[in-house]
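Q: Start from the sequences, fold in the hints, and give me the full structure.
Which chain is which? The protein sequence lines are A and B, in order. 42 is the number that the working numbering gives to position 42 of the first sequence; each next residue is one higher, with no gaps. 10 is the number that the working numbering gives to position 10 of the second sequence; each next residue is one higher, with no gaps.
FYI, nobody ran anything at the bench for these hints, they're computed from the structure. Accuracy of the hints is not assured; some may be wrong.
Sample of chain B residues facing chain A (criterion: CB under 10 Å; computed from the structure) [unchecked claim]: (1) D81; (2) E208; (3) E211; (4) A212; (5) A213; (6) R214; (7) I215; (8) G217; (9) A218; (10) Q222; (11) N226; (12) L231; (13) A306.
Residues from chain A shown here face chain B by an in silico Cβ test under 7 Å; the list is partial [stated by the list, open to error]: (14) W63; (15) A87; (16) G101; (17) A105; (18) M107.
We put the beta carbon where it would ideally sit given N, CA and C, even for glycine.
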Amino acid sequence: MADVSLRHVGKTYENARATTIEDLSLDIRSGEFVVLVGPSGCGKSTMLRMIAGLEELSDGQIWIGERRVDELEPRERNIAMVFQNYALYPHMTVAQNMSFGLRLAGMARPEIRRRVEEAAEVLDIAGLLDRRPKQLSGGQRQRVAMGRAMVRDPAVFLFDEPLSNLDAKLRGQMRAEIRRLHKRLKATTVYVTHDQMEAMTLADRVVILHGGRIEQQGTPQELYERPATRFVAGFIGSPTMNFLPAEIVMTDAGPALKLGEATVPAPVAKAEALAERVGQTVEIGVRPEHFLADGDPSFSVVVDMAELLGPTTLVHFTLAGVACSAMLPPERAAGEGERQGVSIVSAWIAIFDPATGRAL
Amino acid sequence: MSTSNTLTAAPARTTARARKPATRRQKRDWLFAAGFLAPFMILLLIFQYVPLMLMAKNSVYDYSLLNPAAAKFVGLRNFADMIEYEDAAVSFGVTFLFALGVVLTVIPIAFLLALFLNSKLPARGLVRTMIMLPVVTSAVVVATMWSFLLDPSNGLVNGVLNLFGIANQPFLTSTGQALPALVVMTLWQQVGFGAILFLAGLQGLPPELTEAARIDGATRRQVLWNVTIPLLSRTTLFVVVIMTVFSLQAFAPAFLMTQGGPQEATNLVVYHIYNTAFIMQQAGYASALSVVLLLVVLAISMIQMALLRARWNH
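A: The following block contains the structure:
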């Protein structure tokens, strides 16, 4: 296993159709599971392909362990990659697919067989070794692609949206399996996805990319609890965070946020920063799960629509002129057209500068 | 278990459906399909299948174009003659040799050209135009041009050879060189078509497969050998069949450049059929030769179909 270091990496395209990456630096520790996440066209796949050597850098350096690799061919970088569409060789059996790299490396046959069988055992595809990719289901192909990466025992594993072609149920299963596999192999892993749920559940560290830049990086919990920008706040979490305009007012208890007619106390941690901005309008972010329907409600709203999700009900309403959603316990959620009393857990309110989009 | 159940259940359902009378919509669809197909099918019938049947009929008659009324039924005599006399064997032999030469040279060169055209190297557009030009040029023009080029006394090719100190070569007038010369000319003419077919095949390959192989540790040559070439087997087979069938049907070079000579060294089957029917006035025997040629071409196509279905169906 090895560290991966991207140093002031840049990528510009002549036709400028794809996203350009400018001066991007990222250090990935040995054994770490890093997920690059972002919307389509944010440059995440380009970054992965640059680490793999499938895409050339316009600027900067890439290091794997003690070696500078950005001038090396993919085969010289000691990496393995799992592709979105699996990229299994259709003319080879599962066993041949998995052993292809080892055969090229001139490894002895008994050792090749041992490794392939061991990986097949771990991935539960031992019974499929003589089949061809065409005869496998999507989930099985996915496992073979992972097996092909595993047998080579590379310094770094690269995953390029490996689960996006699977159905929701299988995706959940494979997610758990990838996590389990990483715990077992402790391999340095760079994983690209556009699915924030995948990023949150898999990663040791999530790197959020936006427009070819790193928007924020940190543990899933950090990103969820303390988003650095409005973009991150909106990207992480499902259903998405509600954004509302609020005026900072001073009360006896300290700074508070005025939302329409009602006032909610500001988070204690932000009191100092807000005290300087009394009278200004900011944008606040409230996650649907941070609305409460019990206790003393701060707002009375009319429910536009209520969606029963099972353990919770997603209630849609308009607050301070903005369409909002709240996750409430089904027994406390009002029906469509009825009035609903809600309050906000003030400790969880995120506050953004409306001009820069950065958290206060 | 559930799989076998569905498998046995499926045919029963199909037969049940087949018994139902066609709905109005199905009838309308059929009518539409027939309407679209009719113009082509009628032309095909008149100009292809009726002459084909006449040919099959003529192959069992002794028959001359000068006096068709005197046609005489001879059974399989014409086919027996093909075995008894040498001309058919020689002509088919020459043709197969010609086809083999064309296929063996076109395939590798067309493939290399396609690799070049598929790369990011400069001058691709120029090369593409250059190799496609002979393909779209009339076979008669090509044959005439090459007759000048290969002229034994003052042809351009001999001129170039002279520059390297090599004496004039007889080319089309030599029993040893005539057929290879025709092969080279056909290669020149057809390699562009082969390259375009290979190029289409190459561009149809998912780029991830080559990328995966490069990451797996393959050098560019190993990628070519282990991934690209095996995955192009269907295209290759297609090019082989197209080139074989084309070579078996070649007529212009033999007719315009060598008249089948010298000493039948380039007596390609189609030219031989033409000669037999229209010069020697043995239309029955020529028909029998045509029937055999048709069966050979048909067999090659069917082998191709079978191979494509059974193997390389990734």
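Q: Can you list which hints this structure breaks, lowest number first?
A: Hints 1, 13, 14, 18 are the ones this structure does not satisfy, whereas the remaining hints hold.
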